Amino acid sequence: MGNTTDKVKILTAFEGMPNSRALSTYTSKGGYDALKKVLKMQPAQIIEEVKQSGLRGRGGAGFPTGLKWSFVPQNLPGPRYLVCNNDEGEPGTFKDRYIAELSPHMIVEGMVIAAKAIGACKGYIYTRYEFFEEIHWLETAIKEAYQAGFLGKNIQGSGFDFDLDHYTGAGAYICGEETGLISSLEGKKGQPKLKPPFPAVSGYLGRPTVVNNTETFAAVPWIMTNGAAAYKAIGTEKSPGTKLFSIAGAIKKPGVYELPLGYSFEKLLNDDCGGMLPGRTLKACIPGGASAPVLTPEELKGLTLDYEAIAAKGSMLGSGAVMIIDDRQSMVELMKVIADFYHHESCGQCTPCREGTGWLANIMGGIWEKQGAESDVDRMWTVAKQMGGRTICALSDAAAMPTMAITKKFGDEIREYIRRGTSA
Amino acid sequence: MSDKVSFKINGESVTVPKGTTVMQAAQQMKIAIPHFCWHPGLSVAGVCRFCLVKVEGRPKLEIACNLQAVDGMEIRTDTEEVKDAHKWALEFHLINHPLDCPICDQAGECGLQNYYMSVGKYQSQMDRPKVLKPKALDVGGDLVLDTERCILCSRCVRFEKEVTKTDALGIFDRGDHAIIGTYPGKKISHNYTTNLVDICPVGAFTSKDFRFKQRVWFLEEKPSTCAGCSTGCQVDVFGKEQTGTYYRLKPREGEANGHWMCDYGRGTYRHLNQEERQRFAFVNDRGSRRDVDFNEAIAVLAKKLKHTKADDVAILVSAQYTNEEYEALFDFFVGKIGVKKVYQWREPTEKLSDFDGLLLRGDRNANTAGLLAAMKLHKVGGDKPMNQHEDVAKSGAKLVIALVPEIPTGFPSLKTHLLGLSELEFVSFWSVNGLIDDLKQARHVIPLKGFAEKRGTFTNHAGKDGHLTTPFNCPVPDARCIVETVSALAEVYSRAH
Amino acid sequence: MAIKKVAPPPVDANGFAAAWGYFTTIMTGMSFTAKTLFLQLTGREKTNTLEWPEQPATYGPRFKGKHFLTLRDDGNVRCTACFLCATNCPAQCIHIEAGQHPENEIEKYPVRFEIDILRCVFCGYCEEACPVDAIRLGPEYAMAGLAEEKWVYTKDYLAQRGELRGGITSVKDENEKHPITDKAHPKEAEIHSYVRHGHH
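Residue numbers (my numbering), protein chains in the order written: chain A, 1 to 424; chain B, 1001 to 1497; chain C, 2001 to 2200.
If you're looking for bench data, these hints aren't it; they were derived computationally from the structure.
Computed from a predicted model, the values in this text were never measured in an experiment.
Be aware that a few hints might be false.
With the Cβ distance kept under 10 angstroms, some of the chain A side facing chain B (calculated, not the full set) [to be verified]:
#, residue
1, Cys121
2, Lys189
3, Cys353
4, Val383
5, Gly389
6, Ser396
Computed cross-link-like contacts, PhoX-like style, restricted to lysine-lysine with a CA-CA straight-line distance of at most 20 angstroms [to be verified]:
#, chain 1, residue 1, chain 2, residue 2
7, A, Lys188, B, Lys1186
8, A, Lys385, B, Lys1087
9, A, Lys336, B, Lys1130
Just so you know, even glycine gets a beta-carbon here, dropped at the ideal spot from N, CA and C.
Sequences are here, hints too, so could you generate the full structure?
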């Protein structure tokens, strides 16, 4: 279980509470009060409130949530859809499942509020195939919410109808990309769709659709209860609120931490996580899941954990998966794992990604099998450079960014491996 | 708001209707933006990522095929950044390509080869083993599939989905192991399979019919109109004049057919080749066949014509010849000689109204409308197809000029009718195909030029003209078109006594 | 062979003097011939004439003589019927008819491969155009014959004629069809040794 500092508990409010997943526990602590309040509001007011709060998408890209909701055409007749992206596939990330484990009703409530805001009639929670227990918990929560009248026809007598269903794909990283997820939800092969048109205009079944991350939805009830100003007061100017960080690596206390954005990395590592394991030193850190470029200890000095600060260092906050890499970890192996992962997960639609991820894995395989040449390191950088920003979705960039960072910052280690056939 | 937008490509201004993509505008302006997956007859897939262009003021390169033109937009396709992107896009397409051009029928008209010459990187950095995939698969229809050559542009999948709506093809597996294939238990079977060969920008789909027959760079390509049915698709005929061989027909973009063409129509080059062709004129007196040259055949016919009363002459005309030929024919026989008995030669079972919904029509004659118009103009014949040899026999004609349908595949009962006709008193067969050649009773045969070897006009079902503009040299030396045959006949006839 | 300078015939108008001049010159030449004949017949001087065909003539390794088609390890002709030699041939003397090989892996092969040797100009462009080292111009230069049909060399003759002693296997195998790096290339020397293998 995570070891949350007790700064502000928004997403992890039910941590340590017995039977925290039950509807009774949730309502006893003010759960669904936000929904009751929202049902009396106008959609535009809700969207405005979320906009004011500065809430940004927690899936990785950090797009302002209120703005995303406002893109849905309000006067278009016919159904609109809402989808919760619970396909937590980014390597190193294990935060969404924690919310589902802790308080699935928080997700359900956030979704009903969002549905009210965009006028959606039907919602889906799209959960990763491998999350067997979480799927059970979410389905139970949906059933409870239906029974309590928080879902279905005429929610709480307000006249607002919203159905929520649960859906599971076959377990693919690409289905965590919003249009890939929509394709999968439609029963098709999980492949991202060409944009434009954007999902807000033409998404699930060609209808306006909003897809948000689980953590984003979970933050919505608190914002509606406590107000946008209270949320904006937490974190930094441009990155308000709290964020779940899933921290792993050779540290004393790995786990999920809810921290206000802008929290000091060094404080997190040394105080909250208890520092490195004895005898290990910090070699590098991936701050936002496998697709975020790796940062060296020099770059990590004085780093704060928010979208802007990490972007300024050339990496990204992403999903908030902080991977601590210690001196015993071979960067060659890390690079190989990353290359193989993206090679395996590329959907194969766009050429630069399909061929590029394969090429990177191919070169890396050669290095790993001690058939590499020193020029391979630069070649990987060049190939990755050409893969970036050229494809329908961001998987290609997700493969390119860490490759460029590792080959640039740890190229000497890989070259040494190629020369000597072993890691330094 | 105006429904037009003005923008610039490479500094050149253009005004296009709203909703036009940069790719479409560039095509109009003849600015080449390299592309694989985009096809004007299909939806936009945006997967090859080749048509990258620079939009001034935007950070990333964008794909032209899915980029709608906006007022004031400035597009550049000629900057170093764009050129470099094109090089690399092609390089990504090529790294796992088997490069088996020597045995690939597409070589010579291959997108990968052409772009390699125009935007290629030349120095490949790929030195690892390539991904191997299944080759030479029979996927039904006229198709051989090589998944290794495939660049996964998905044109074929979209064609199956959008044009023929048969949905037999899909992309299976993912990443660089993704392959095109048919769904389990399914084969591609419709009348439009060879279009997949045309739209495939590489050699993944090749034609069984054309397989290994000839390298495309040896072929001459001449625009023509398909003579297979009354749709009148615009086509290119591919042949080799040196050997007098025809190899294939391909659709050319046109009003009548859009981008496509049916497999039936593609087969209508076969009767033009030597083995199926009427290669000599011959006359047959009392069972002794004698090959003669064109002039002698004409002399025999002119003499016969001179000694037959106009009322005893009948002409039986197929609807597969050109308007110009009908004009010459009727002008001489009806106008000058005064022949009254004119019959149409169409398959009696065919229904003019039949239509497969895409291109192929039940009326397997390219020029039914033209024939009917010519007959109307000369006030002869009925407008119904006759039960040919019996009706002609009943008419009591002593001399029959029979213009045999050019393309035998559309006439299942052609042989029966030829046999029936050849038993009449004196029938002069004018024929392109060689079905008549082995009929012992045939009295008089003149070879004709095929549709690819003459100039002229077909009028299609909608009344639109399709032109035969660029003839091949006819491999049969004695063959003439009907205009030439009739004018030679008229010349000899006027001198005969 | 030494070259001897002789005096030019006198150019005066005297007919006899002119004739004498010619006579002495001819005699000088004849005496040289007679001397050489004598020396060589008696074996005192080595003759430079080759007694062909009893004595074989050898040409340099780059001689372009009669064509042959190389074989795969399994004995099939290596040619894939790509028509590049026919395309490149300035004399248009190569006629190929391609077909589907019964083994699907080979796919394309020449059903017919004919060279009209009377048209051939022995330029070697076919050899240069070939992407799979399937056609080479060998060292054979004696191609006399009588019947007309012999002048069109068939596939079997090009690949399996007696002089080739069972055919010549090319070093290129399928795995090396598209060598990309230096690593994959066979050593240059290796290629040359194979190229000349079986020629003499």
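Does Lys1186 of chain B lie within 20 angstroms of Lys188 of chain A when you go C-alpha to C-alpha? 19 angstroms, holds
Does Gly389 of chain A meet its interface restraint, that is, does its C-beta lie within less than 10 angstroms of any C-beta in chain B? Cβ of Gly389 of chain A sits 5 angstroms from chain B, so the hint holds.
Interface hint compliance - Val383 of chain A to chain B, C-beta minimum distance less than 10 angstroms: 8 angstroms, holds
Is Lys385 of chain A close enough to Lys1087 of chain B, meaning Cα to Cα at most 20 angstroms? 13 angstroms, holds
Identify whether the interface hint at Cys353 of chain A stands, where standing means a beta carbon of chain B within less than 10 angstroms of its own. 8 angstroms, holds
Satisfaction of the Ser396 of chain A interface hint, Cβ to chain B closer than 10 angstroms: 9 angstroms, holds
Given hint Lys189 of chain A near chain B, where the shortest CB pair must fall under 10 angstroms: 7 angstroms, holds
Are the Cα atoms of Lys336 of chain A and Lys1130 of chain B separated by 20 angstroms or less? 18 angstroms, holds
Closer than 10 angstroms between Cβ atoms is the bar; does Cys121 of chain A clear it against chain B? Give me holds or violated. Cys121 of chain A check fails; min Cβ-Cβ to chain B is 28 angstroms, beyond 10 angstroms.
In this structure, the one hint that does not hold is number 1.
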